[in-house]
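Got two chains here, each in a separate frame; can you build the complex from them with the hints?
Going down the list, the protein sequences come from chains A and B. Take the position in the first sequence, starting the count at 1, then add 16; the result is the number in the working numbering. Take the position in the second sequence, starting the count at 1, then add 1; the result is the number in the working numbering.
Hints listed in this document are in silico derivations from the structure and should not be mistaken for laboratory results. Take these hints with a grain of salt, some might be off.
[Stated by the list, open to error] Computed cross-link-like contacts, DSS-like style, restricted to lysine-lysine with a CA-CA straight-line distance of at most 25 Å:
{"#": "1", "chain 1": "A", "residue 1": "Lys165", "chain 2": "B", "residue 2": "Lys160"}
{"#": "2", "chain 1": "B", "residue 1": "Lys239", "chain 2": "B", "residue 2": "Lys7"}
{"#": "3", "chain 1": "A", "residue 1": "Lys190", "chain 2": "A", "residue 2": "Lys165"}
{"#": "4", "chain 1": "B", "residue 1": "Lys243", "chain 2": "A", "residue 2": "Lys107"}
{"#": "5", "chain 1": "B", "residue 1": "Lys160", "chain 2": "A", "residue 2": "Lys118"}
{"#": "6", "chain 1": "A", "residue 1": "Lys107", "chain 2": "B", "residue 2": "Lys247"}
{"#": "7", "chain 1": "A", "residue 1": "Lys193", "chain 2": "A", "residue 2": "Lys118"}
{"#": "8", "chain 1": "B", "residue 1": "Lys160", "chain 2": "A", "residue 2": "Lys123"}
{"#": "9", "chain 1": "B", "residue 1": "Lys160", "chain 2": "A", "residue 2": "Lys107"}
{"#": "10", "chain 1": "A", "residue 1": "Lys25", "chain 2": "A", "residue 2": "Lys41"}
[To be verified] Every beta carbon over 10 Å from chain A, so not counted as near; a handful from chain B, in silico:
{"#": "11", "residue": "Gln98"}
{"#": "12", "residue": "Val194"}
{"#": "13", "residue": "Met215"}
[Unchecked claim] Here are the computed distance ranges between Cβ atoms for each label pair:
{"#": "14", "chain 1": "B", "residue 1": "His141", "chain 2": "A", "residue 2": "His240", "range": "53 to 63 Å"}
{"#": "15", "chain 1": "B", "residue 1": "Arg144", "chain 2": "A", "residue 2": "His240", "range": "53 to 63 Å"}
{"#": "16", "chain 1": "B", "residue 1": "Leu245", "chain 2": "A", "residue 2": "Glu221", "range": "49 to 59 Å"}
{"#": "17", "chain 1": "B", "residue 1": "Ala228", "chain 2": "A", "residue 2": "Ser141", "range": "37 to 47 Å"}
Quick reminder that beta carbons are idealized off the backbone N, C-alpha and C, glycines included.
So you can see what is in the structure, the chains are spelled out below.
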Amino acid sequence: MAIEQPIVKLLNIRKDFGEKEVLRKIDLQIHQGDFIAIVGKSGCGKSTLLRILAGLEAPTSGRLLVNGEEWRGRNRLAKIMFQDGRLLPWKNVYDNVAIGLKEESQKQQIEQILQQVGLGDRLHSWPSELSGGQKQRVALARALIHEPKLLLLDEPLGALDALTRIEMHELIEKLWKEKQLTAILVTHDVEEAVALANRVVIIEEGRIALEVPVRLPYPRHRDHPLFMKLVNQILNKILGNKRMTVESNSNLPAVESQ
Amino acid sequence: MKWKTKILPWVIPIGLLLTWQVSASIGILSTRVLPNPLDIVSAATNLTKSGQLPADVWTSTKRAFVGFLIGGGLGFLLGLVNGISKISEKLLDSSIQMIRNIPHLALLPIVILWFGIGEEAKLFLVALGTFFPIYLNTYHGIRSVDPSLIEMAYVYELKGFSLFWHVIFPAALPSILVGVRFALGITWVTLIVAETIAADSGIGYMAMNAREFMQLDVVVLSILLYALLGKLSDMIAKIAEKRLIKWHPSHQNE
Ligand SMILES: Nc1ncnc2c1ncn2[C@@H]1O[C@H](COP(=O)(O)OP(=O)(O)OP(=O)(O)O)[C@@H](O)[C@H]1O
Ligand SMILES: [Mg+2]
Numbered sequence: 017m018a019i020e021q022p023i024v025k026l027l028n029i030r031k032d033f034g035e036k037e038v039l040r041k042i043d044l045q046i047h048q049g050d051f052i053a054i055v056g057k058s059g060c061g062k063s064t065l066l067r068i069l070a071g072l073e074a075p076t077s078g079r080l081l082v083n084g085e086e087w088r089g090r091n092r093l094a095k096i097m098f099q100d101g102r103l104l105p106w107k108n109v110y111d112n113v114a115i116g117l118k119e120e121s122q123k124q125q126i127e128q129i130l131q132q133v134g135l136g137d138r139l140h141s142w143p144s145e146l147s148g149g150q151k152q153r154v155a156l157a158r159a160l161i162h163e164p165k166l167l168l169l170d171e172p173l174g175a176l177d178a179l180t181r182i183e184m185h186e187l188i189e190k191l192w193k194e195k196q197l198t199a200i201l202v203t204h205d206v207e208e209a210v211a212l213a214n215r216v217v218i219i220e221e222g223r224i225a226l227e228v229p230v231r232l233p234y235p236r237h238r239d240h241p242l243f244m245k246l247v248n249q250i251l252n253k254i255l256g257n258k259r260m261t262v263e264s265n266s267n268l269p270a271v272e273s274q
Numbered sequence: 002m003k004w005k006t007k008i009l010p011w012v013i014p015i016g017l018l019l020t021w022q023v024s025a026s027i028g029i030l031s032t033r034v035l036p037n038p039l040d041i042v043s044a045a046t047n048l049t050k051s052g053q054l055p056a057d058v059w060t061s062t063k064r065a066f067v068g069f070l071i072g073g074g075l076g077f078l079l080g081l082v083n084g085i086s087k088i089s090e091k092l093l094d095s096s097i098q099m100i101r102n103i104p105h106l107a108l109l110p111i112v113i114l115w116f117g118i119g120e121e122a123k124l125f126l127v128a129l130g131t132f133f134p135i136y137l138n139t140y141h142g143i144r145s146v147d148p149s150l151i152e153m154a155y156v157y158e159l160k161g162f163s164l165f166w167h168v169i170f171p172a173a174l175p176s177i178l179v180g181v182r183f184a185l186g187i188t189w190v191t192l193i194v195a196e197t198i199a200a201d202s203g204i205g206y207m208a209m210n211a212r213e214f215m216q217l218d219v220v221v222l223s224i225l226l227y228a229l230l231g232k233l234s235d236m237i238a239k240i241a242e243k244r245l246i247k248w249h250p251s252h253q254n255e
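With the rest of the complex left out, here is chain B (with noise of 0.2 Å):
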């Protein structure tokens, strides 16, 4: 009973994989159109030999984490400081959420004025488009914090930091977690766009690279290097919010 309920999700993926592969081999599906699976492993194979693939994967997730680690932290202070003090929230909130409502990819092409297709470029946007859903979802996890637990915090005399860490942070820390990874799929996501339109390595630049010579295999390749990257930060993400708020009700009992 149980291996079956293992397998089960993974019965139409496959059956998928292996219709493609068919089709491609017969002839049915073009190769012009997308390439077999085993033309993308092998593909994949030659690039790891050459180097290029880790470089470039290596590239892309550094860019992320830099720039999500600059964006987030950012908005993680800020939110913290706005959530908590008042006066810094009246000076601060309201043009943040103005900034809030320019599409951050949208500043693409002056990106590029400013920093040509260099590191900076990337890691702006990034930053850029990270830093809201944290700087949202931390100063409304400080906001949202139960007024009674803060009373009670109050009577029991906890003052100052240690009301901060032991009452006000973790009260906020769902709200903040939901925030990163959001930020993480926003993470990936403007990457990519960045990475394809202005930059002379990483993922996106070897997909690019690969269309003009017409390799559709590095192409697809590219494609699904994403989405794992993006999977994989979100199973990350996932695992640290399980373990760091297991108190959760939603995670107890598993």
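If we strip away everything but chain A, and leave its shape as in the complex, we get (with noise of 0.2 Å):
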């Protein structure tokens, strides 16, 4: 894999909204088939960073490679799943999946994915009537249905409890798979990122403070001890080293709290 050409590279990405620092210096190499989950606190620039790989922000300075080649305006190899949803509210659960489909074939599997997040008897309610969690199950249908070479999730199950949540990250893991993505996924959630990612790239202060690699088999079991080993070290690095303590606590709540 490290001999090939990464798909997307940012080369010192620096990000600035007015005054304010947002991203200060990004090097981030992705590679065909990498899953990279992003964590850090809230506001550190998470989604920012997303956009910029969408093309839907451009960078204050630093380069954007795609396949190789300097990059402006939207990236054609991704879809986004946006952090507030985003579905149509005048278009039902079926035809927001359905936008922007060209091909038939594409079309005759929405109902299959909407069955895989579990909305399968939901085609044809309103956006209104449905709850947060199953909004955001809508809108990772759609942008799973399109299985774009660059799959970028920006907290995609934020609103789902820790079962539903656990069935997303199998159907997410087994698309990957299946479909040979490339996925970032933004969380909050530091076990979500360890039992899914084969990366994961810790944001602090606007630049990465570690990228730790999951080298863990999938699909991957909490109980394994090195699955915890790896969540207690990627927390107690956000968290500075105010967690020493609780360290050989393995016992932490499933999910982790926002």
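Next up, the structure:
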């Protein structure tokens, strides 16, 4: 994999909003088949980084290379699932997922993917009739059905309960493997990051503070000793050393609170 | 329980009607002030038999419809163009906003000078009156489409007409429909004024004619007809709204 050229490369990316420095220096290489999880505190610039990767936001300085070439404007390899879902209120669940689908063969999969996210019986509901978690799953289905080369997920499961979350993890993992996608997942949930990603990237003060490779085999079991060790290691990094005393205690809550 | 809630809103109108009829027949209410309800009904039947009433109602409805279509159509198109194109907006919007400040009914004298009392005068005024609410609401509706939805559409590769049809237009529709209902109200007010002052047919003309011959029942009938037509067009607009924006939370669980 290392010999292959990365499909997307960020070089020395910096992003300011007015006076505010959000990203200072981000270098990241994304290879075909990668599953990268981005974690960090709220407001540290995770969504901004994803938007830069999708080509929705131009970096203040630095370079974005797609397949080795400098890129401006929308990144055509990428489909992003927005943090706030962004369903069209005037389209039912089915039609929301159908947005922008051009091929008949893809349209035939709409029902199937909605079943997979557990909404097979809600095809004709309006978004305003759905719960927050259901809306998120529609948005997730909409991003997944395009089978993009680069799948960008911005906290796709934030509003879900622990159980549905694990189901969605299985679904994402399955599709990622089957369709050989490259995925980047922003999450607040460190366990989620370790469960899915082959690399966890921690952002702190506008920089990548740590990149942790996760070499556990899929599907990953949370009771694996290495799993909890990695989760703790990452949490400690994010929280500074405040949690040192908890490190030995592996009875962490199943879902990391925000 | 259910029939009670259905009947309750009708109690006061029916009570009033009865009081009116009774006080007119026992002479408390002079028929010079208000004709009694039964007289109005018989005036309506007579005029319907003679064919005058259907003809006048048809004339007025046609004027309302055609004037609304011209004014509303133009307002919609310009609102659309100015909502979408910055250049056209810069060129046209401030001029339109300036003209908007002239109350269209104040133009009545000059409109009579231009067109006489023919059809054009009425159509012109109705079109002018309906243009602005529909223009403004269309323009505003398109301008206030949630940019995050446009961005989403951009990611999912909607462009040109499909972007307009799937995202911009439905987003602006509730606002446009508010303009339509507003414009319908203006349509009838404009017609009432224009037909009463300058017309040789239509409901307003019928009323003014009857006034000269002291036919109070016909005058009141005309007023009721206007009220009825106004209510009717509002109901149609409401039904259209319910169907067109049935996704809107305010139209669910009804
Ligand atoms: N369009 C914008 N204009 C100005 N400031 C912005 C804009 N977008 C983001 N910011 C600022 O950039 C910072 C990073 O925002 P971003 O949305 O990337 O954070 P995040 O890491 O995704 O946070 P969260 O985990 O809460 O979603 C925040 O301080 C935010 O206020
Ligand atoms: Mg975010």
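Hint by hint, here is what the structure shows:
A C-alpha spacing of about 21 Å is found between lysine 165 of chain A and lysine 160 of chain B, which places the hinted pair at or below 25 Å, so the restraint holds. A C-alpha spacing of about 20 Å is found between lysine 239 of chain B and lysine 7 of chain B, which places the hinted pair at or below 25 Å, so the restraint holds. Proximity of lysine 190 of chain A to lysine 165 of chain A is assessed by CA-CA distance (about 15 Å); at most 25 Å being required, the pair is judged to hold. Pair hint lysine 243 of chain B plus lysine 107 of chain A holds up; C-alpha atoms about 15 Å apart against a cutoff of 25 Å.
Note on lysine 160 of chain B and lysine 118 of chain A: the hinted pairing holds, with a Cα-Cα distance of about 13 Å set against a maximum of 25 Å. For the hint pairing lysine 107 of chain A with lysine 247 of chain B, the CA-to-CA distance comes to about 10 Å; that is within 25 Å, so the pair holds. Straight-line distance between C-alpha atoms of lysine 193 of chain A and lysine 118 of chain A comes to about 24 Å, which keeps the hinted pair within the 25 Å bound. Restraint check for lysine 160 of chain B and lysine 123 of chain A: satisfied, since their Cα atoms lie roughly 19 Å apart, inside the 25 Å limit.
This hinted pair checks out: lysine 160 of chain B and lysine 107 of chain A have alpha carbons roughly 17 Å apart, not beyond 25 Å. A threshold of 25 Å between alpha carbons decides the hint, and for lysine 25 of chain A with lysine 41 of chain A the separation of about 13 Å falls inside it, so the pair holds. The beta carbon of glutamine 98 of chain B sits about 29 Å from the closest Cβ of chain A, which is more than 10 Å, so the claim that it is off the interface holds. For valine 194 of chain B, the non-interface assignment is confirmed: its Cβ lies about 38 Å from the closest Cβ of chain A, beyond the 10 Å cut-off.
Separation of methionine 215 of chain B from chain A is adequate, the least Cβ-Cβ distance of about 55 Å exceeding the 10 Å criterion. Evaluation of the 53 to 63 Å hint for histidine 141 of chain B and histidine 240 of chain A yields a pass: the beta carbon distance comes to about 57 Å. Taken as a hint, the range 53 to 63 Å holds for the pair arginine 144 of chain B and histidine 240 of chain A, whose Cβ atoms sit roughly 54 Å apart. The hint said 49 to 59 Å for the Cβ distance between leucine 245 of chain B and glutamate 221 of chain A, and at roughly 50 Å that hint holds.
A beta carbon spacing of about 40 Å between alanine 228 of chain B and serine 141 of chain A agrees with the range 37 to 47 Å that was offered as a hint.
Comparing the model with each earlier hint shows no violations; every hint is respected.
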